[in-house]
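The whole structure should be built from the sequences, with the hints applied where relevant.
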Amino acid sequence: MRQNNMLAMILAGGRGTRLEALTKKIAKPAVYYGGKYRIIDFPLSNCANSNINVVGVLTQYESVLLNSYAAAGSRWGLDARDSGVYVLPPREKDGAAFDVYRGTADAISQNIDFIDSHSPDYVLILSGDHIYKMDYSKMLSYHRQSDADATIAVLPVPMKEASRFGIMNTDEEGRIVEFEEKPKHPKSNLASMGIYIFDWKQLRKMLVADMDDPQSNHDFGKDIIPKMLEEGKRLFAYQFKGYWKDVGTIDSLWEANMDLLNKNNELDLNDSTWKIYTEDMATVPQYIGKDATVENSYINQGCIVNGNVKNSVLFTSVRVAKDACIEDAVLMPNVVVGEGAVIHRAIIAQGVKIDPGAVVGDPNSEHIELISKRVR
Amino acid sequence: MCNAFGIVNFEGLNVQIKGLTDYRPAGAISFLGRYRLIDFPISNLSNSGVNHIQVHIKNKPRSLIEHLGTGRHYNINSKRGKLHILPARSDVESDFYNHDIACYMYNMHAIEQVNYPYVILVPSHMIYRMDYADLLEKHVESGADITMVYQSVDNAKEAYMECDVLNLNKQKGVLGIEKNRGNYKSRNISLETYVLAKDLFIDLVCKAANTSSLYWFRDIINDQCSELDIRAVAHRGFFACINDFKSYFEANMSLLDIDKAMDLFDDEWLMYTRTNDSCPTQYYPASSVNNSFVSNGCTIEGSVENCVIGRGCTVKKGSVVKNCVISPGVTIGEDVHIENVVVDKNARIVRKKELIGEAGNPLYVKRDDRI
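Each protein sequence line maps, in turn, to chains A and B.
FYI, in the numbering used here the residues of the first sequence are 20 to 395.
FYI, in the numbering used here the residues of the second sequence are 42 to 412.
Don't take each hint at face value.
Said to hold, decoys possible - When the alpha-carbon atoms are kept at most 20 Å apart in a straight line, the in silico PhoX-like pairs for lysine-lysine are as follows:
id	chain 1	residue 1	chain 2	residue 2
1	B	Lys-357	A	Lys-282
2	B	Lys-357	A	Lys-329
3	A	Lys-341	B	Lys-386
4	B	Lys-357	B	Lys-386
5	B	Lys-198	B	Lys-287
If you are wondering where the hints come from, they were derived from the structure by calculation, not from laboratory data.
Source: prediction; values computed, not measured.
Structure (structure tokens):
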């Protein structure tokens, strides 16, 4: 806790319904991305790299895998003294009715005791399902410099898409004067990234009041932020530059994976000064066979490729048999592709078998096909 | 759980790997891109349920100590288990006196303290997969004093020079140990792996120290062949002894035969190593890769054939890399053509456009070299 007196809380309870079968048994933050990672590796690694030592992970939907995954703090180097990853699903408490997290703000409210026990000056609220690299310590410096009560990270988006986001209207100093959720006629293009730094004492007061407000949705975007603006608090927008993606759908998850094939992609996972940490796999290096062709692809350790792979992302220990053709596809861990099978524009879920000769996906399809069951 | 502790021994003076051992002990030599040689004996011990593993090391221990760390990545129990690094004396007059016996004597207190009745002694420069729990069971059942492991080979005229060879009787009793001088085709190569009671081990170490100040552990075993009941167990499957530059190159290359590789690497018997947290490997549109093992964190734009590529290597546009063993962190520049070369860690081959070794006699590029 010492380092900057900021504690991070990662909201990781969401299901991500539009990811269909991928989130049937696991929560969205645990979904695979980028050849070897899970989405939650990004906020966790960002915390570790930003010198944040105490991280709470708020889980709810299908949390068994996510709980055990996130709890192994050593993966991110978050296991030293005074540091740790705390997995916080809803729990029964003395004197209160046992309830699920009713909203993003309620998830924090129900863990006020946890945050108090670390007595931080600042609390950083993060979302567990965004892909980006960000130095939160810079955001904290900005927060301190502007003497803000809360700082919200914002991303400039194209004006024509601004009406899909929560938009922050700021004055010339960067102070937020107005917040509009999905405005029809946006006045600015600064979209909220769902990353907040709060002064803990102030946020605590707001949360205690919010808990018993029957009108409230207990949500940061809908309730807490508007309330703070109403009360004339100092809210500042912190502009983020770089790659940021919220992968809500199968198409956007596929796209985010394809972004990595771009030689100068902004995410740059090969940056040794800002590594993204994940589970360690004890597999052999990848083997590219005698008759294989591999072109413009992103391939992880343990893969054995004897077929043809083009414009694709292959996760850990994928097997591609002879004469199989894989193009514009994302193959999650342990997928087995039989001899002569053809795959186009698809995401193949973990461990799925594609039998020899099978044809999956369509090179001309508008949408990406998700395959979550064996294809014969 | 296995009722024995493990000792990983350092290599004998017969092991000289051109260039590579100038910087590090044999155990720390990079292998198949992402491993170091010592990963194999330690993974075997760990997978066999051996909880207490001692690693004895002598010269230039830095890279090995860094790689081993706490041993957590070897799946050794963090409370009940232990990876114990035991350095040899640093003030020995000559390397001839710096043998395993001297190291065991120097660290005798640490050996005596271990609370297991048996010891499994394994070398750091040999690669094979073996369940030592089975071996220990065989040893105990047989009632032998010492059980050793060997592999029958039929290329001892060209390979395994100066390695230990076991002379066996029909009942697999060990009659003696000699050095392979390349006189016979078929020989039983010793895997320098011994199972014996801890008390007997300590006895033999002391006896060796009293007999000659040049004795290695294998010498005292050889002396004792007629006194003790020493038996040998055959190992079958992939086996590589890395005792010189050629065998290092060939061992890497032989695993490009994927069936051989699958014989060594088993899904139920993982070979562990230290993670580097590197991202997956990126193949660009112009790349062409065949019959190669490629580690994570590489960017490949050139052409790679019959190679082992270490972590975090860059192969630039227009380059051709053929029959090479490339250690981690190496850069092969644009339009560079290299063939039959072993490139050591972090070297950069940029300006020199052609570097071609002979098929049976690969070239060596030193660590951190700029070419």
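In ascending order, which of the hints set out earlier in this document are inconsistent with the structure? 3
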